[in-house]
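Undergrad: Produce the complete structure using the sequences and hints provided.
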Amino acid sequence: MEPIASHENWRNCFSEVAPGLLLFARQWVQSAADAEDIVQDAFVKFWRRKHDIDNRGLLYAAVRSLALDFIRRDARRARREATVLAETEPVIEPHFELEDDTQSALAAAVESLPRDQREVLVLKIWNDLTFSEIAGALGISQNTAASRYRYALTNLKKTLQPQ
Amino acid sequence: MNDFSELERELRKLRPAQPSPFLSERVGEALEDSRRSAAADPTSSWWRFKEATRNWWSLGFGLAAAAILILFAAVTMERRHEHQQTVAQSSPAPETQPVPLGTERSISPSRFVPAGGSNVVYNTRDEGLHFADGSERPVRRVRYNTRQTWRWHNPETGASLRVSYPSEEIVLIPVSGQ
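These protein sequence lines are chains A and B, in that order.
In terms of our numbering, the first sequence is residues 1 to 163.
In terms of our numbering, the second sequence is residues 1 to 178.
Please keep in mind that the hints were generated in silico from the structure rather than gathered at the bench.
Not one of these hints is a red herring.
Stretch by stretch, here's where chain B covers chain A in the computed footprint (C-beta under 8 Å, at least three residues):
hint: 1; segment: 18 to 28
hint: 2; segment: 43 to 49
hint: 3; segment: 96 to 105
To list a few chain A residues with every Cβ distance to chain B over 10 Å, as calculated:
hint: 4; residue: Ser65
hint: 5; residue: Ser112
hint: 6; residue: Pro114
hint: 7; residue: Leu138
hint: 8; residue: Ala146
hint: 9; residue: Ser147
hint: 10; residue: Pro162
The following label-pair restraints were derived from C-beta to C-beta distances:
hint: 11; chain 1: A; residue 1: Ser141; chain 2: B; residue 2: Ala65; range: 46 to 56 Å
hint: 12; chain 1: B; residue 1: Ala17; chain 2: A; residue 2: Leu68; range: 17 to 27 Å
hint: 13; chain 1: B; residue 1: Ser164; chain 2: A; residue 2: Ser147; range: 52 to 62 Å
The structure displayed is predicted, hence computed values, not measured ones.
We put the beta carbon where it would ideally sit given N, CA and C, even for glycine.
TA: Structure follows, in structure tokens:
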């Protein structure tokens with residue numbers, strides 16, 4: 001992968017990372033529009049500061065930080081999100097383009113994971129981050145990131161096992 | 001050990017939803033706006049101007065101070081020289097007797113005499129109680145960081161020499177229980 005910020009055509013870079021970033025942002029905010037605002041702000045900041053691929057974790061850290069700020073800033077919205085979460089089934093829903101029932105079951109299993117495990121899974125599987133980058137983005141140790149990933153896969157396997 | 005490779009393959013087949021087509025346009029506009037505002041931001045250009053003028057002022061003051069010091073030194077040297085000439089003219093004619101070698105050396109123009117010194121303590125750190133060299137009585141160890149300066153002066157030529165160096169001193173203060 002080329003360095004993001006030194007790439008002349010930001011559109012190529014953005015189209016490459018945007019779906020994963022959006023999925024990551026939606027770990028905290030329900031609304032796709034809000035998630036897009038967060039991704040936009042984070043990417044513009046990242047691009048303007050000319051960070052390269054070695055600091056890719058910073059882009060995800062920025063998304064996470066902006067998402068948490070967003071929730072704190074708008075308490076009313078946060079309460080509404082909480083109400084929605086309480087009323088609907090599992091926690092915050094990542095969005096996938098589903099092709100069949102198997103994928104629907106898999107997506108539902110992912111959505112039922114605890115948030116800390118799902119965060120790591122989203123960064124590892126759909127954003128191709130290393131454990132070191134995940135640790136930097138989430139502010140945890142590399143070992144914690146790896147063990148959360150392992151727990152996530154174990155839990156998924158259990159959920160998907162035929163009864 | 002669990003093998004998760006099959007599960008990971010299945011997970012990677014799941015494709016995250018694509019962002020709306022407008023998002024890319026919005027990012028483009030935001031990048032363009034930030035570029036434009038950075039170029040035309042009057043506060044940033046004023047800040048750059050201020051920084052530049054501040055640097056020029058600093059340089060100017062530095063040069064002026066250096067020039068004043070040089071002038072002062074030159075005037076001092078000139079006065080001293082004039083004073084020595086006056087003393088020489090008003091003193092009686094020297095006796096014509098051979099001067100011993102040691103005396104000749106003592107009035108040599110390269111002779112410097114100590115003119116003073118200073119020892120400035122700029123940091124003190126209390127390192128707590130210690131038992132020095134197996135002693136049963138505790139001592140408090142205090143570390144001083146100082147800058148020592150020594151000055152010499154040559155009365156014949158008016159030249160002066162100054163040596164300054166940092167030093168560290170550790171003082172052990174006996175502690176007595178009460």
